[in-house]
Amino acid sequence: MRVRNFAAALLVALVLISCGGAKQADVIKVGWFGALTGDQAVWGNNEYNTVKMLFEEINAAGGVKVGDKTYTLEAVGYDNKGDAQEAVNVVRRLTSQDKVVAILGPNASGNAIPIAPILEGAKVPDIATVATNPKVTVLDGKVKPYNFRVCFIDPYQGAVAAGFAYDVLKARKAAILYDVSDDYSQGLRQFFVENFKKYGGEIVADESFKSGDVDFRPQLSKIKAQNPDIIFMPYFFKEVALSANQARELGMTQVLMGGDGWPSDQLISMGAAAVEGSYFVNHLDYDDPDVADYKARYFKKYGIQTELNGYLVHDAVLMLVDALKRAGEPTGEAIAKALETTNIKGITGTIKISAQTHNPEGKDAAIIKIVGGKYVFQQKYAAK
Amino acid sequence: MSSYIEGIIMLSGINLIAVLGLSLLTGFAGLFSFGHAGFMAIGAYSAAICTTILKLPFAVGIAAGGATAAGASWLIGRATLKLKGDYFCIATLGFGEAIRLILDNFQGLGGARGWPGIPPSTTIWNILILDVIGVALLANLVRSRHGRNMIAVREEELAAQVAGIDVFKYKMLALVVSAAYAGVAGSLLAHYMTFIQPKMFSMVKSTELTIIVIFGGLGSISGSVLGAVVLTFLPELLRAVDKWRLVVYGLAVIGIMIGRPRGLMGGFELTPASLRRHFADRKEAKAAKAAQVAEDAELGKDGL
Chain A
1061 MRVRNFAAAL LVALVLISCG GAKQADVIKV GWFGALTGDQ AVWGNNEYNT VKMLFEEINA
1121 AGGVKVGDKT YTLEAVGYDN KGDAQEAVNV VRRLTSQDKV VAILGPNASG NAIPIAPILE
1181 GAKVPDIATV ATNPKVTVLD GKVKPYNFRV CFIDPYQGAV AAGFAYDVLK ARKAAILYDV
1241 SDDYSQGLRQ FFVENFKKYG GEIVADESFK SGDVDFRPQL SKIKAQNPDI IFMPYFFKEV
1301 ALSANQAREL GMTQVLMGGD GWPSDQLISM GAAAVEGSYF VNHLDYDDPD VADYKARYFK
1361 KYGIQTELNG YLVHDAVLML VDALKRAGEP TGEAIAKALE TTNIKGITGT IKISAQTHNP
1421 EGKDAAIIKI VGGKYVFQQK YAAK
Chain B
6 MSSYIEGIIM LSGINLIAVL GLSLLTGFAG LFSFGHAGFM AIGAYSAAIC TTILKLPFAV
66 GIAAGGATAA GASWLIGRAT LKLKGDYFCI ATLGFGEAIR LILDNFQGLG GARGWPGIPP
126 STTIWNILIL DVIGVALLAN LVRSRHGRNM IAVREEELAA QVAGIDVFKY KMLALVVSAA
186 YAGVAGSLLA HYMTFIQPKM FSMVKSTELT IIVIFGGLGS ISGSVLGAVV LTFLPELLRA
246 VDKWRLVVYG LAVIGIMIGR PRGLMGGFEL TPASLRRHFA DRKEAKAAKA AQVAEDAELG
306 KDGL
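Line by line, the protein sequences give chains A and B.
Here our numbering is used: the first residue of the first sequence is 1061, the next is one more, and so on.
Here our numbering is used: the first residue of the second sequence is 6, the next is one more, and so on.
Hint data in this document are derived by calculation from the structure and do not stem from the laboratory.
Heads up, some of the hints might be wrong.
As the list claims (entries may be wrong) - With a Cα cut of at most 30 Å, we get these calculated DSS-like pairs of lysine-lysine:
no. : chain 1 : residue 1 : chain 2 : residue 2
1   : A       : Lys1429   : A       : Lys1412
2   : B       : Lys248    : A       : Lys1089
3   : B       : Lys60     : A       : Lys1202
4   : A       : Lys1298   : A       : Lys1233
5   : A       : Lys1230   : A       : Lys1258
6   : A       : Lys1298   : A       : Lys1284
7   : A       : Lys1412   : A       : Lys1397
8   : A       : Lys1355   : B       : Lys248
9   : B       : Lys248    : A       : Lys1183
10  : A       : Lys1361   : B       : Lys60
11  : B       : Lys248    : A       : Lys1112
12  : B       : Lys60     : A       : Lys1360
13  : A       : Lys1361   : A       : Lys1233
14  : A       : Lys1360   : A       : Lys1202
15  : B       : Lys248    : A       : Lys1298
16  : B       : Lys248    : A       : Lys1159
17  : A       : Lys1183   : B       : Lys288
To be verified - Some chain A residues well away from chain B (every beta-carbon gap over 12 Å; in silico):
no. : residue
18  : Leu1096
19  : Ile1118
20  : Lys1129
21  : Thr1130
22  : Ser1156
23  : Ile1173
24  : Leu1199
25  : Val1228
26  : Arg1232
27  : Gln1314
28  : Asp1325
29  : Asp1347
30  : Gln1439
For every residue, glycine included, the Cβ atom is placed at its ideal position computed from N, Cα and C.
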């Protein structure tokens, strides 16, 4: 009985804690959500840490002036395990209980798509970080009024990868290995295939595996038999390292190519010599002088290197602050309206939001090559 | 009511329907399934086809979702219900994963990238109405001859067969009904989320449903109701403990399973009649104790 009373008391306490929260007049609450647990936790924690760091800096510098009042920013962040149902729960919580005026994140397209109706109901805008699926902001030809993003989209990324492979690397025969159970991987594969064929190239092998697989030798052997010029690997760093190692063990010497799922310190430590000389499409150049300052500040505060997501959420914060200043009042509707006319210089490039698509327009992709265990910037490449 | 609380109530109502079905299969017919998310997926995609592509009303979508899931379960049942115990469990696990992978590969319905733009037809009211219908149907089924036959099969298959019960038929009935429940839950989920993705129906979801049934108590409908509500709300309540949320969630489940090994309501049913009986028992026990005390006192007064 005592245990039960204790459990009941604990539950009541939890309800009180989760519902409570003092109100302050001159604070603007901004939501963030993403995966703080689960296999994408590295990126989620990186994003949330960046948001908290930037808000602290902004507040220390006096806050943000909206209309004729100055506000400080407060980040309210929640974990959704990378799960779509929890994404919906969290956004409902942020909009109805925490009363945030805008939301940053998530990084996964599959989490950014189902939250759209709730954002519309609550009139709160969201800026997704690396959600590259076109359907995050545009559905059936109509732009979703409260969904924005700060990154380029999959069709663009696929076109860049295909164009670079054909034009610069002079590849004519490409093979693809992709993760059939992953939405990002399927999307990137589709747009690479379409564009590579358009350029006049040939897809000689199109092999798939599913998330969680660790042995890629059967698929790689089939690819090897076709003797392609390059192998396109549109999936995440862990599988990239494993499959690259196995490809080299099979004696395959082809150049490997990938997308923005690649960049991570773990790719270099796990892949080592196998990924040497590979290329991938990225949102930015890590050695760009524009990003050096943020990189150093993050390292100083948290003692670890920032990941790719950090750069993009950094620019999402810049977008939001800029919109707040122009909005005149700190309400979701006014911010959404201001976001539509965003034209700022972020650390990942110029961010000019198109009112028709809510995507940043004309953001150049960066081509990175792995040389001597380092990410070396090759060139900016815009797809035709 | 804030949209947050409303959302969680809706989600627990949807989970409840799937759990009720699984409760019949696992709690009453004694068959463990780790593939029920597969049936939910079939229901979700069929319902979405009806409402989004064919533009049929939502009610038709729900019915179609339940029916196709039931049909699929009939096919899979024909092939696997002859398998005993653990083997059936493995077969359902394989089935659930197979459904997910087929949907991943099938680009016509969005593939792994998911299917956005499903109309948001699910409301708290149609969930609650279906919940009530679901509980009422199930309660009547398990108290009928068919339900008692299922329990007999669960308790001792051989004896049930000797007594003249068609074991295969009752296992099949339990499977088809439970799949229909899962299909309905899937249709509601699709129109609640307005977006479906094969990833949402992974083995984790199947396991979650089984955990709820066992947590609530095998062979108890009220246990399933309680389990679905508690375990859907718990992760959200635990947001207060931040990063330790899932650790505390796991500990809470373990704690309750140790404290109540048969689940919250194992074998006990919460109905008006059972409540009356419970209170009558307590009253009787109290009266008996009082009588005992009185008797003791009397004897003591006698100076023995």
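Status of each hint after checking the structure:
no.: 1; hint: A/Lys1429 - A/Lys1412; in the structure: holds (27 Å)
no.: 2; hint: B/Lys248 - A/Lys1089; in the structure: holds (20 Å)
no.: 3; hint: B/Lys60 - A/Lys1202; in the structure: holds (19 Å)
no.: 4; hint: A/Lys1298 - A/Lys1233; in the structure: holds (26 Å)
no.: 5; hint: A/Lys1230 - A/Lys1258; in the structure: holds (15 Å)
no.: 6; hint: A/Lys1298 - A/Lys1284; in the structure: holds (21 Å)
no.: 7; hint: A/Lys1412 - A/Lys1397; in the structure: holds (14 Å)
no.: 8; hint: A/Lys1355 - B/Lys248; in the structure: holds (25 Å)
no.: 9; hint: B/Lys248 - A/Lys1183; in the structure: holds (29 Å)
no.: 10; hint: A/Lys1361 - B/Lys60; in the structure: violated (54 Å)
no.: 11; hint: B/Lys248 - A/Lys1112; in the structure: holds (16 Å)
no.: 12; hint: B/Lys60 - A/Lys1360; in the structure: violated (56 Å)
no.: 13; hint: A/Lys1361 - A/Lys1233; in the structure: violated (46 Å)
no.: 14; hint: A/Lys1360 - A/Lys1202; in the structure: violated (43 Å)
no.: 15; hint: B/Lys248 - A/Lys1298; in the structure: holds (24 Å)
no.: 16; hint: B/Lys248 - A/Lys1159; in the structure: holds (22 Å)
no.: 17; hint: A/Lys1183 - B/Lys288; in the structure: violated (56 Å)
no.: 18; hint: Leu1096; in the structure: violated (6 Å)
no.: 19; hint: Ile1118; in the structure: holds (23 Å)
no.: 20; hint: Lys1129; in the structure: holds (27 Å)
no.: 21; hint: Thr1130; in the structure: holds (29 Å)
no.: 22; hint: Ser1156; in the structure: violated (4 Å)
no.: 23; hint: Ile1173; in the structure: violated (5 Å)
no.: 24; hint: Leu1199; in the structure: violated (5 Å)
no.: 25; hint: Val1228; in the structure: holds (28 Å)
no.: 26; hint: Arg1232; in the structure: holds (26 Å)
no.: 27; hint: Gln1314; in the structure: holds (26 Å)
no.: 28; hint: Asp1325; in the structure: holds (22 Å)
no.: 29; hint: Asp1347; in the structure: holds (33 Å)
no.: 30; hint: Gln1439; in the structure: holds (30 Å)
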